[in-house]
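Student: Residue numbers (the UniProt record's numbering): 1 to 121.
Keep in mind that the hints were calculated from the coordinates and are not lab data.
Treat the hints with care, as some may be off.
Quick list of in silico lysine-lysine cross-link-like pairs, DSS-like style, CA-CA up to 27 Å [to be verified]: (1) 21 - 70; (2) 21 - 35; (3) 37 - 26; (4) 37 - 21; (5) 21 - 103.
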Amino acid sequence: MGYLYIFGTILFTVYGQLILKWRIEKYGSLPAAVKDKILFLLQLLVDPLILSGFLSAFVASIFWMGAMTKFNISYAYPFMSLSFVLVFILSVFLFQEPITSYKVIGLSFIVVGIIITSQSV
């Protein structure tokens with residue numbers, strides 16, 4: 001059950017990041033003027049899908065609390081790095097973000113680190 005908590009944390013974290021990127025991209029860039037920035041941010045805050053991203057972050061934190069009851073943080077926390085990998089992969093498909101050799105090398109290090117730390121139980 002503990003791994004389900006970690007998986008839930010990762011899933012809801014990834015959803016929140018991707019939905020925020022998608023919706024904010026629809027609104028455009030942050031304006032320069034302070035008053036316009038405030039109005040822009042308020043407009044974002046009433047978007048139901050952006051609110052779902054915030055709710056997703058809250059749900060992820062509940063799953064994380066469950067994971068903390070099952071694992072040492074030094075064991076569980078490296079798995080959170082999988083969210084970087086998933087966000088990268090999904091960003092390539094959903095937002096046509098570029099794949100660079102540096103990103104692939106960095107993500108490879110993350111995966112190797114997860115494998116190594118998961119062996120330490």
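Student: Next, verify each hint and record whether it holds.
Tutor: Hints and how they fare:
no.	hint	in the structure
1	21 - 70	violated (32 Å)
2	21 - 35	holds (23 Å)
3	37 - 26	holds (16 Å)
4	37 - 21	holds (17 Å)
5	21 - 103	holds (19 Å)
Checked against the numbered hints listed earlier, the structure breaks hint 1 alone; every other hint is satisfied.
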